[in-house]
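Could you put the whole structure together from the sequences, leaning on the hints where they help?
From first to last, the protein sequence lines are chains U and G.
Take 12 as the starting number for the first sequence in the working numbering and just add one per residue.
Take 589 as the starting number for the second sequence in the working numbering and just add one per residue.
Hint data in this document are derived by calculation from the structure and do not stem from the laboratory.
Where hints are given, some of them may not hold.
Only pairs whose alpha carbons sit at most 25 Å apart, straight line, appear in this in silico SDA-like list of lysine to any residue [stated by the list, open to error]:
hint, chain 1, residue 1, chain 2, residue 2
1, U, Lys52, G, Lys646
2, G, Lys625, U, Ser65
3, G, Lys685, U, Leu127
4, U, Lys52, G, Thr657
5, G, Lys610, U, Pro51
6, G, Lys693, U, Phe102
7, G, Lys630, U, Pro120
8, G, Lys646, G, Ile635
9, G, Lys630, U, Thr91
10, G, Lys630, U, Glu33
11, G, Lys630, U, Thr60
12, U, Lys52, G, Ser614
13, G, Lys685, U, Thr42
14, G, Lys685, U, Gln71
15, G, Lys610, U, Glu115
16, G, Lys630, U, Asn81
17, G, Lys630, U, Thr43
18, U, Lys52, G, Ile697
19, U, Lys52, G, Glu627
20, G, Lys646, G, Thr657
21, G, Lys685, U, Asp99
22, G, Lys630, G, Pro670
23, U, Lys52, G, Gln633
24, G, Lys625, U, Asp38
These stretches of chain G come out as covered by chain U in the derived footprint (C-beta under 8 Å, 3 or more residues) [stated by the list, open to error]:
hint, region
25, 619-625
26, 631-644
27, 687-693
Ideal placement from N, C-alpha and C gives every residue a C-beta, glycine not left out.
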Amino acid sequence: GAVVSQHPSWVICKSGTSVKIECRSLDFQATTMFWYRQFPKQSLMLMATSNEGSKATYEQGVEKDKFLINHASLTLSTLTVTSAHPEDSSFYICSAPWNGGANEQFFGPGTRLTVL
Amino acid sequence: GENVEQHPSTLSVQEGDSAVIKCTYSDSASNYFPWYKQELGKGPQLIIDIRSNVGEKKDQRIAVTLNKTAKHFSLHITETQPEDSAVYFCAASLAQKVTFGIGTKLQVIP
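Here it is as structure tokens:
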């Protein structure tokens, strides 16, 4: 199947700093990518839809100024957590739909963010 | 929006027994139902999926059934093995937007 990578796989930062997470589709192009957040022992919650060449679409309750999304190319989307706080500590996962398979989506391995 | 309910939240089975996880969805427009396996510290991995025009699909020890009328779908794992132990998520999707169930932690006891 198609491969989606994320970088870094884990990051620890101090409160108040910003952290950038990259999501790449390695062997296919993705005009749309999705960002999820997963707290321990919970399900994945969609945060936003990243659109290549246009603004991201955020789910209700997600602060767009705090979670900046940039879909710079057909294979790269970035999520920047600005002014991170301990409550932002979570597992962040991206996904990309594979156009060869209608609705089929492939998920990245996730990024563990810990804010001290 | 779509709402997906999943049960049980935890499931323990003896190795070799079958495991069944059930889900319901609320939006009749959803047309794609993937199942994901997530191991600790990793992203979800697609294990099987079913589209709304199909009632049943099987892949070796894994099968999924869909009842569109009742808006139910289920995952069946036969001959379970210790490596099947993980968290399993059902999901309902429409136009690439995926809504996940709460997850089922499956433990296969050797």
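Verification of the hints:
no., hint, result
1, Lys52/U - Lys646/G, "28 Å, violated"
2, Lys625/G - Ser65/U, "32 Å, violated"
3, Lys685/G - Leu127/U, "33 Å, violated"
4, Lys52/U - Thr657/G, "31 Å, violated"
5, Lys610/G - Pro51/U, "22 Å, holds"
6, Lys693/G - Phe102/U, "18 Å, holds"
7, Lys630/G - Pro120/U, "5 Å, holds"
8, Lys646/G - Ile635/G, "11 Å, holds"
9, Lys630/G - Thr91/U, "20 Å, holds"
10, Lys630/G - Glu33/U, "16 Å, holds"
11, Lys630/G - Thr60/U, "21 Å, holds"
12, Lys52/U - Ser614/G, "23 Å, holds"
13, Lys685/G - Thr42/U, "14 Å, holds"
14, Lys685/G - Gln71/U, "14 Å, holds"
15, Lys610/G - Glu115/U, "21 Å, holds"
16, Lys630/G - Asn81/U, "24 Å, holds"
17, Lys630/G - Thr43/U, "22 Å, holds"
18, Lys52/U - Ile697/G, "20 Å, holds"
19, Lys52/U - Glu627/G, "12 Å, holds"
20, Lys646/G - Thr657/G, "21 Å, holds"
21, Lys685/G - Asp99/U, "23 Å, holds"
22, Lys630/G - Pro670/G, "18 Å, holds"
23, Lys52/U - Gln633/G, "17 Å, holds"
24, Lys625/G - Asp38/U, "22 Å, holds"
25, 619-625, "holds (count 4)"
26, 631-644, "holds (count 6)"
27, 687-693, "holds (count 5)"
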